[in-house]
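Asks: The numbers in the numbering used here rise by one with no breaks, and the one at position 230 of the sequence shown is 378.
If you are wondering where the hints come from, they were derived from the structure by calculation, not from laboratory data.
Computed from a predicted structure; not experimentally measured.
It cannot be assumed that every hint is accurate.
Mimicking DMTMM-like on lysine to aspartate or glutamate, the simulated pairs with C-alpha atoms at most 20 Å apart in a straight line are [stated by the list, open to error]: (1) 295 / 277; (2) 314 / 297; (3) 408 / 296; (4) 258 / 390; (5) 388 / 248; (6) 314 / 356; (7) 409 / 387; (8) 210 / 406; (9) 409 / 390; (10) 358 / 344; (11) 210 / 296; (12) 258 / 269; (13) 314 / 303; (14) 295 / 344; (15) 331 / 406; (16) 314 / 344; (17) 408 / 383; (18) 397 / 383; (19) 295 / 383; (20) 331 / 220; (21) 402 / 416; (22) 358 / 390; (23) 352 / 269; (24) 331 / 344; (25) 331 / 285; (26) 210 / 303.
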Amino acid sequence: MNKQHGFTLIELMVSLVLGLIIVGAAFQMLISGQRSLAFQESIQGLQDNANIGINYVADDIKLTNLNLPFSEIKPAHVSGLIVNTSNYMAGAGSAPVSGDGSGSGFITAKSDVLVIQYKPDQTKEYDCEGNSIGAADVVVQRYFIRKDDNGGANDYVLACDAGQYKEGTALTGLNGTGQIIMKGVDLFKVRVGVRDSANNMSYKTLAEFKALSNTSKAVSLQIGILARSLNGVTDNSVEKLEQNIFGSKYSITKPTAEKKKYVWIPVERTIALRNGLGEEL
Numbered sequence: 149m150n151k152q153h154g155f156t157l158i159e160l161m162v163s164l165v166l167g168l169i170i171v172g173a174a175f176q177m178l179i180s181g182q183r184s185l186a187f188q189e190s191i192q193g194l195q196d197n198a199n200i201g202i203n204y205v206a207d208d209i210k211l212t213n214l215n216l217p218f219s220e221i222k223p224a225h226v227s228g229l230i231v232n233t234s235n236y237m238a239g240a241g242s243a244p245v246s247g248d249g250s251g252s253g254f255i256t257a258k259s260d261v262l263v264i265q266y267k268p269d270q271t272k273e274y275d276c277e278g279n280s281i282g283a284a285d286v287v288v289q290r291y292f293i294r295k296d297d298n299g300g301a302n303d304y305v306l307a308c309d310a311g312q313y314k315e316g317t318a319l320t321g322l323n324g325t326g327q328i329i330m331k332g333v334d335l336f337k338v339r340v341g342v343r344d345s346a347n348n349m350s351y352k353t354l355a356e357f358k359a360l361s362n363t364s365k366a367v368s369l370q371i372g373i374l375a376r377s378l379n380g381v382t383d384n385s386v387e388k389l390e391q392n393i394f395g396s397k398y399s400i401t402k403p404t405a406e407k408k409k410y411v412w413i414p415v416e417r418t419i420a421l422r423n424g425l426g427e428e429l
């Protein structure tokens with residue numbers, strides 16, 4: 149008579165436990181992979197959004213000083229980079245200049261406000277708000293951050309407000325809420341590339357450039373934004389609450405009521421002011 153051997157109860161229990169461990173490990177790997185994929189997709193979407201937004205602003209900045217009387221951009225005469233009211237053409241009236249803006253829901257440090265002007269050529273038919281413009285108009289565009297009217301209490305956007313004037317007439321259309329360029333922007337900073345009379349190059353804040361004499365001229369602009377993911381990331385993600393723009397550190401302070409975790413990335417661009425590189429006769 150042949151004896152038949154089966155598994156003992158202990159062997160069955162060990163097999164069952166091992167099976168559960170393997171299934172649990174596989175499930176954990178699946179969950180971890182899904183979280184990692186969601187995080188990577190959030191980062192990719194944030195980078196794409198930030199690059200599109202900052203490139204849009206950079207393309208507009210290239211128009212600075214186009215078709216204006218002076219071929220050099222200086223602090224205290226008519227020019228495309230507006231840091232003083234004297235940069236406007238005659239008759240513009242009371243008009244905004246570049247300088248300090250506001251903080252945001254996550255960063256108390258003030259963002260910058262950038263104001264530029266240009267006279268369009270025939271290929272440019274609309275300003276940054278979609279208003280039609282003509283060759284005789286001087287177009288003024290103001291870049292700044294503000295609260296997102298359709299977002300949460302701490303959501304800010306990068307916006308562009310545009311106005312127009314003709315020489316001898318007052319500027320109109322500016323000082324509105326502007327058109328949204330990019331959502332989820334907690335900081336917007338600007339640096340001016342300056343060449344002095346000795347041909348030395350340095351980068352200044354808008355306030356520092358404003359205080360210079362007309363022996364210095366602006367030859368480039370650096371713009372930097374701190375972009376935040378539009379949606380929260382997983383709870384086990386580590387937030388980086390200190391970011392760097394133009395070599396300066398900025399601390400992020402989350403509001404008490406904000407429970408979601410976010411990702412921030414700094415994005416910078418340097419734009420040559422090609423319409424201000426000429427030499428005055």
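Asks: Now look at each hint and say whether the structure bears it out.
Replies: Now for the hints, and whether the structure bears them out:
Under the criterion of a C-alpha separation no larger than 20 Å, the hint pairing residue 295 with residue 277 is consistent with the structure, at around 17 Å. Simply put, residue 314 and residue 297 have alpha-carbon atoms about 32 Å apart, too far for the 20 Å limit, and the pair is violated. Proposed proximity of residue 408 and residue 296 is supported: the alpha carbons are some 18 Å apart, at most 20 Å. Between the alpha carbons of residue 258 and residue 390 the distance comes to roughly 15 Å, so the proposed pair stays at or under 20 Å and holds.
A C-alpha spacing of about 25 Å is found between residue 388 and residue 248, which places the hinted pair above 20 Å, so the restraint is violated. Proposed proximity of residue 314 and residue 356 is contradicted: the alpha carbons are some 29 Å apart, above 20 Å. With a C-alpha separation of about 7 Å, the suggested pairing of residue 409 with residue 387 holds against the 20 Å cut-off. At most 20 Å may separate the alpha-carbon atoms for a hinted pair to count; residue 210 and residue 406 exceed this at roughly 38 Å.
Restraint check for residue 409 and residue 390: satisfied, since their Cα atoms lie roughly 14 Å apart, inside the 20 Å limit. For the hint linking residue 358 to residue 344, the alpha-carbon distance of about 14 Å falls within 20 Å, and the restraint holds. About 27 Å separates the Cα atoms of residue 210 and residue 296, which puts this hinted pair outside 20 Å; it is violated. Under the criterion of a C-alpha separation no larger than 20 Å, the hint pairing residue 258 with residue 269 is inconsistent with the structure, at around 34 Å.
With a C-alpha separation of about 36 Å, the suggested pairing of residue 314 with residue 303 is violated against the 20 Å cut-off. A threshold of 20 Å between alpha carbons decides the hint, and for residue 295 with residue 344 the separation of about 38 Å lies outside it, so the pair is violated. Pair hint residue 331 plus residue 406 holds up; C-alpha atoms about 18 Å apart against a cutoff of 20 Å. At roughly 31 Å between alpha-carbon atoms, residue 314 and residue 344 are farther apart than 20 Å, so this suggested pair is violated.
With a C-alpha separation of about 8 Å, the suggested pair residue 408 and residue 383 falls inside the 20 Å cut-off, and the hint holds. With a C-alpha separation of about 25 Å, the suggested pairing of residue 397 with residue 383 is violated against the 20 Å cut-off. Distance restraint check for residue 295 and residue 383: the Cα-Cα separation of roughly 26 Å exceeds the 20 Å cut-off, and the hinted pair is therefore not satisfied. Under the criterion of a C-alpha separation no larger than 20 Å, the hint pairing residue 331 with residue 220 is inconsistent with the structure, at around 34 Å.
A distance of roughly 23 Å separates the Cα atoms of residue 402 and residue 416; the hinted pair therefore is violated under the 20 Å criterion. Between residue 358 and residue 390 the alpha-carbon distance is near 29 Å, which puts this suggested pair outside the 20 Å criterion. Distance restraint check for residue 352 and residue 269: the Cα-Cα separation of roughly 30 Å exceeds the 20 Å cut-off, and the hinted pair is therefore not satisfied. Taken as a hint, the residue 331 and residue 344 pair is broken in the structure, with Cα atoms around 37 Å apart against an allowance of 20 Å.
Proposed proximity of residue 331 and residue 285 is contradicted: the alpha carbons are some 30 Å apart, above 20 Å. Taken as a hint, the residue 210 and residue 303 pair is broken in the structure, with Cα atoms around 29 Å apart against an allowance of 20 Å.
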